[in-house]
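Input sequences plus hints: build the corresponding full structure.
There are 2 protein chains.
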Amino acid sequence: MTESAPIVVSVDAMGGDRGPSVTVAGVAAAVDLLKRPTRFLLHGDRATIEPQLAKVSPAVRALCEVRHTDRKIAADEKPSQALRRGKGSSLWNAVESVRGGEAQSAVSGGNTGALMAISKLLLRMAGDLDRPAIVASWPTAKGVTSVLDVGANLVSDATQLVEFAIMGEAFHCAVHGADGPPPTVGLLNVGSEDMKGREEVREAHHALRSGGLNMDYRGFVEGNDIAHGTVDVIVTDGFTGNVALKTGEGLARFVSATLRETLTSSLLAKAGALLASGALRQMRRRLEPPGGGVLLGLNGVVVKAHGGAEPRGFADAIRIAADLASSDYASAITNNMARLSSALERAKAAALEASA
Amino acid sequence: MTESAPIVVSVDAMGGDRGPSVTVAGVAAAVDLLKRPTRFLLHGDRATIEPQLAKVSPAVRALCEVRHTDRKIAADEKPSQALRRGKGSSLWNAVESVRGGEAQSAVSGGNTGALMAISKLLLRMAGDLDRPAIVASWPTAKGVTSVLDVGANLVSDATQLVEFAIMGEAFHCAVHGADGPPPTVGLLNVGSEDMKGREEVREAHHALRSGGLNMDYRGFVEGNDIAHGTVDVIVTDGFTGNVALKTGEGLARFVSATLRETLTSSLLAKAGALLASGALRQMRRRLEPPGGGVLLGLNGVVVKAHGGAEPRGFADAIRIAADLASSDYASAITNNMARLSSALERAKAAALEASA
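So the sequences go chain by chain: A and B.
For the first sequence, the numbering used here gives the first residue as 1, with consecutive numbering after it.
For the second sequence, the numbering used here gives the first residue as 1, with consecutive numbering after it.
The hints are simulated quantities; they were obtained by calculation from the structure and are not laboratory data.
Just so it is clear, the structure is predicted and the values come from calculations on it, not from any experiment.
Note that the Cβ used here is the ideal one computed from N, Cα and C, for glycine as well.
Be a bit skeptical, because a hint or two may be false.
Said to hold, decoys possible - Partial selection, computed: residues in chain A whose CB lies under 10 Å from chain B:
(1) 75
(2) 242
(3) 249
(4) 273
Claimed, not checked - Over the 12 Å line for every Cβ pair with chain B, so calculated as not near, a few chain A residues:
(5) 47
(6) 52
(7) 99
(8) 120
(9) 127
Stated by the list, open to error - Ranges between beta-carbon positions, derived for each pair:
(10) A/206 with B/48: 27 to 37 Å
(11) A/74 with B/271: 52 to 62 Å
(12) A/199 with B/268: 50 to 60 Å
(13) A/327 with B/265: 26 to 36 Å
(14) B/85 with A/310: 53 to 63 Å
(15) A/142 with B/274: 21 to 31 Å
As structure tokens, this is what we get:
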């Protein structure tokens with residue numbers, strides 16, 4: 001793609017708890033955040049989308065093209081049902097636009113299990129990778145930490161955890177630290193001693209530590225290391241990662257609310273808050289949770305926005321999708337695959353050895 | 001125990017990353033926090049403890065009695081090793097003081113697995129309960145939420161999750177809400193729909209929802225519900241709970257540091273911070289993580305302090321131990337056991353039915 005060609009982001013306009021009222025407003029809010037000219041394909045029910053488009057500026061409307069479908073995937077639909085019955089739905093079509101090359105990336109705030117299953121079916125796993133993972137970028141004391149998996153899988157065995165480490169390292173390198181030293185990687189556990197933790201976590205630890213991977217693996221990390229930024233990439237199963245991510249988001253909201261309440265609790269506090277308002281605004285922005293997670297391991301960029309996102313959060317997910325599409329993320333993944341798949345073989349051998 | 005009799009708290013003085021330099025200072029810091037007259041048994045190496053005692057006030061020293069032992073349990077010792085070789089160690093003796101009736105509660109910042117195994121051996125499980133759980137009290141937007149398990153178990157099946165719900169409800173009722181309505185209970189998951197989540201979580205959900213338990217069960221909750229205070233008691237396995245707790249602690253520290261940095265970033269911000277300092281101090285106190293978790297399900301009160309706690313955190317764990325000892329927690333648990341064990345039978349039957 002040349003520098004001047006506009007990026008195309010494919011949007012599941014019906015996804016998320018509130019559908020087009022959030023996704024269309026999110027597109028409008030995203031436009032100002034984007035580095036490169038970007039157009040949008042809005043997949044979903046034209047009759048619901050058009051009234052929302054009427055609310056945004058003509059300039060934004062001109063960037064949007066509605067691709068009508070009256071089918072959508074319900075939030076409580078099982079992945080297997082979504083695969084069978086989801087064809088032609090807004091989520092399916094959003095991913096299909098990437099597969100067909102019409103769009104460089106897709107964004108959906110819909111059913112996570114369905115998005116993963118459909119993305120895996122349409123885009124296929126890259127190289128020898130087994131399962132996709134969702135990676136979230138967390139603000140930390142030292143910058144950004146990539147945490148994965150935060151919800152694509154409920155259970156992960158040792159080999160999958162090793163794959164997550166490989167994918168997470170490649171992602172972090174491409175998106176957050178292409179110019180710096182290789183990313184450092186840690187495995188989330190309930191203690192730092194070798195013998196601690198669940199069996200699959202200890203097995204993955206042995207495999208990663210075996211050194212065959214050419215990765216700066218730093219061993220076990222704990223929950224508090226996420227915000228501390230102890231390592232660049234933190235690997236865990238999707239259940240634990242999802243709970244950790246949402247716990248952090250909930251706490252950030254609680255802190256924000258408490259701060260607001262605190263700084264309006266007295267005249268003195270109000271005066272103080274007024275003087276410090278610029279600094280406090282900056283701080284709030286620094287604490288904001290990431291707007292979306294990226295599905296890793298696929299031949300294509302798919303971003304999962306939070307189902308309950310506000311327009312600003314959805315806009316952030318779109319920004320991530322557009323930034324990834326205009327970065328060398330895809331080619332970095334492709335280029336890394338040879339190293340990754342042979343490293344994976346070595347890791348699997350090491351895991352087998354460790355468990356023998 | 002009569003109102004006037006002093007409470008006795010048994011302390012594993014060698015436990016935690018820094019041993020007596022934190023535990024003795026913690027005892028000194030706790031004295032001012034306690035509602036009732038309290039004495040302390042300090043188990044550990046006299047030669048290491050005495051120099052620390054020399055640093056505290058004579059009034060505090062007079063409340064302490066050193067019980068010498070030169071044995072201690074290492075942080076990396078496996079529970080099975082601790083059971084075989086731990087007899088006579090500071091941790092063992094601290095729990096033994098409770099079993100023998102010399103102390104009303106024990107506090108240790110040592111090896112969690114060893115503390116759990118030894119407490120289970122010496123104090124025995126109460127009634128028909130299967131495994132202990134560690135409960136943490138989280139500050140929330142609405143008050144306090146009891147979260148369990150936060151580290152006693154690495155894996156939990158559906159029946160154990162149901163037991164945690166029962167224990168957590170009894171604990172919360174006794175400690176945080178004796179006078180209010182019955183505590184509300186939620187099960188931690190990655191979504192709120194019935195079909196979501198790991199198998200054991202869905203099974204426990206069906207058992208709790210079956211209604212035989214006489215419990216105000218509200219269904220699935222997610223990570224963000226912890227800080228939001230959506231329910232009074234949140235149930236999860238020890239791996240996920242531990243990661244969530246530490247993620248929250250790490251984030252709270254990050255926020256604190258960012259706030260400090262923000263409010264000293266410019267002259268204007270500094271002036272604002274000065275005016276709002278009283279309110280900000282109150283806020284920081286409100287966000288402080290709990291100093292310790294309580295081991296539930298045993299015939300006796302055992303509090304696990306964080307291994308890396310500062311004296312103030314260790315003092316908070318002692319305060320919890322003393323408050324529990326002087327509350328009707330123990331008798332509430334005992335009184336509840338009849339209801340609990342028959343409820344457990346019903347829950348087990350419901351779980352079997354649901355999985356059939």
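Do the hints match the structure? See the list:
| no. | hint | in the structure |
| --- | --- | --- |
| 1 | 75 | 7 Å, holds |
| 2 | 242 | 4 Å, holds |
| 3 | 249 | 5 Å, holds |
| 4 | 273 | 6 Å, holds |
| 5 | 47 | 27 Å, holds |
| 6 | 52 | 26 Å, holds |
| 7 | 99 | 27 Å, holds |
| 8 | 120 | 18 Å, holds |
| 9 | 127 | 27 Å, holds |
| 10 | A/206 with B/48: 27 to 37 Å | 36 Å, holds |
| 11 | A/74 with B/271: 52 to 62 Å | 54 Å, holds |
| 12 | A/199 with B/268: 50 to 60 Å | 55 Å, holds |
| 13 | A/327 with B/265: 26 to 36 Å | 31 Å, holds |
| 14 | B/85 with A/310: 53 to 63 Å | 56 Å, holds |
| 15 | A/142 with B/274: 21 to 31 Å | 29 Å, holds |
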